[in-house]
Amino acid sequence: LVDFVRQPIDRLQRKKVNTLIILDVHARDIVDRFVRDSILSREEFAWESQLRFYWDRKKDDVTIRQCTGELVYCYEYQGLNGRLVITPLTDRCVMTLTTALHFKMGGAPAGPAGTGKTETTKDLAKSLAISCVVTNCGDGLDYRAMGVIFSGLSETGFWGCFDEFNRINVEVLSVVAAQIKTIQNGLEAKKKTVEMLGRDVALKPTIGYFITMNPGYAGRSELPDNLKALF
1 LVDFVRQPID RLQRKKVNTL IILDVHARDI VDRFVRDSIL SREEFAWESQ LRFYWDRKKD
61 DVTIRQCTGE LVYCYEYQGL NGRLVITPLT DRCVMTLTTA LHFKMGGAPA GPAGTGKTET
121 TKDLAKSLAI SCVVTNCGDG LDYRAMGVIF SGLSETGFWG CFDEFNRINV EVLSVVAAQI
181 KTIQNGLEAK KKTVEMLGRD VALKPTIGYF ITMNPGYAGR SELPDNLKAL F
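For the sequence shown, my numbering begins at 1 and goes up steadily by one.
No lab work stands behind these hints, which were simulated from the structure alone.
What you are looking at is a predicted structure, and each value in this text was computed from that prediction instead of being measured.
Wrong hints could be hidden among the right ones.
What the hints assert, rightly or not - Beta-carbon label-pair distances, calculated as ranges:
| # | residue 1 | residue 2 | range |
| --- | --- | --- | --- |
| 1 | GLY140 | ASP24 | 36 to 46 Å |
| 2 | ASN185 | ARG42 | 31 to 41 Å |
| 3 | ARG199 | ARG33 | 44 to 54 Å |
| 4 | ALA189 | TYR73 | 23 to 33 Å |
| 5 | THR96 | GLN13 | 29 to 39 Å |
| 6 | PRO224 | ILE21 | 38 to 48 Å |
Claimed, not checked - Within a straight-line C-alpha distance of at most 16 Å, the following computed EDC-like cross-link-like pairs (lysine to aspartate or glutamate) qualify:
| # | residue 1 | residue 2 |
| --- | --- | --- |
| 7 | LYS181 | GLU195 |
| 8 | LYS104 | GLU70 |
| 9 | LYS228 | GLU164 |
| 10 | LYS104 | GLU188 |
| 11 | LYS59 | GLU70 |
| 12 | LYS228 | GLU171 |
| 13 | LYS204 | GLU155 |
| 14 | LYS204 | GLU76 |
| 15 | LYS126 | GLU76 |
| 16 | LYS192 | GLU155 |
| 17 | LYS190 | GLU155 |
| 18 | LYS204 | GLU188 |
| 19 | LYS126 | ASP91 |
| 20 | LYS122 | GLU76 |
| 21 | LYS190 | ASP200 |
| 22 | LYS181 | ASP225 |
| 23 | LYS122 | ASP91 |
| 24 | LYS122 | ASP163 |
| 25 | LYS58 | GLU70 |
| 26 | LYS16 | ASP3 |
| 27 | LYS15 | ASP3 |
| 28 | LYS191 | GLU155 |
The C-beta atom is built at its ideal place from N, Cα and C for all residues, glycine as well.
The task is simple: from the sequences and hints, build the whole structure.
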């Protein structure tokens, strides 16, 4: 692959081979670590903590497992859009997000600007072949706008990533917490519909909601406790 990518090939081919190299290098590093640490059993945490894809003969479908979580493959075609380089920090972040999804909760990566919080979430969505809709939050968002976004995510089953979530006003965040709780309760009860903004909307079980935050920056509000409990 390395020899091939050094040849004069077209842009799409190069992108394709780059993606294969990124995934191959990660797989090679994992195998090296297993050999170094003598990981021989599939019950070992080092193996359990990897994002693993299986063909389930009973379901006749792909199933994705990591730690205690089991997720479905969504078959959303996304074209040739490249992948992130996978680091140990990315692996830990992905493990946290998949565990949150398994427990019907949201994920909340926090950290300084430009460290790849949103990109890591989008990259996990690419792995699971599901579309991830990114919303840049600001003080212009009110509870009605957020309700419309959540209704759309609920009906399509897509993931929503809310960038710089703590820029939204505190009064709005409290109502948003109630909206997320409604979706969470619906997922736990395996309901087909939930009530959002006074009307029933369809609820697909693949929905995921993630927030990214830059703590300690000017103009950021502290999240209310009832919202923190949902992530």
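We went through each hint and held it up to the structure:
1. GLY140 / ASP24: 36 to 46 Å: holds (44 Å)
2. ASN185 / ARG42: 31 to 41 Å: Hint holds: Cβ distance 35 Å, inside 31 to 41 Å.
3. ARG199 / ARG33: 44 to 54 Å: Holds, at about 51 Å.
4. ALA189 / TYR73: 23 to 33 Å: For TYR73 against ALA189, whose Cβ atoms are near 24 Å apart, the range 23 to 33 Å holds.
5. THR96 / GLN13: 29 to 39 Å: Because 35 Å falls inside the window, the suggested range holds.
6. PRO224 / ILE21: 38 to 48 Å: holds (44 Å)
7. LYS181 / GLU195: holds (11 Å)
8. LYS104 / GLU70: holds (12 Å)
9. LYS228 / GLU164: holds (15 Å)
10. LYS104 / GLU188: holds (7 Å)
11. LYS59 / GLU70: holds (13 Å)
12. LYS228 / GLU171: Since the Cα atoms of LYS228 and GLU171 sit roughly 15 Å apart, the hinted pair holds (cutoff 16 Å).
13. LYS204 / GLU155: holds (6 Å)
14. LYS204 / GLU76: Answer holds: LYS204 to GLU76 is near 14 Å, not above 16 Å.
15. LYS126 / GLU76: Given pair LYS126, GLU76 holds - Cα atoms ~9 Å apart, limit 16 Å.
16. LYS192 / GLU155: holds (10 Å)
17. LYS190 / GLU155: holds (14 Å)
18. LYS204 / GLU188: Given pair LYS204, GLU188 holds - Cα atoms ~12 Å apart, limit 16 Å.
19. LYS126 / ASP91: holds (14 Å)
20. LYS122 / GLU76: holds (13 Å)
21. LYS190 / ASP200: holds (15 Å)
22. LYS181 / ASP225: holds (13 Å)
23. LYS122 / ASP91: holds (14 Å)
24. LYS122 / ASP163: holds (12 Å)
25. LYS58 / GLU70: Cα-Cα ~15 Å, so holds.
26. LYS16 / ASP3: holds (14 Å)
27. LYS15 / ASP3: Given pair LYS15, ASP3 holds - Cα atoms ~14 Å apart, limit 16 Å.
28. LYS191 / GLU155: holds (12 Å)
Going through the hint list in order, the structure satisfies each hint without exception.
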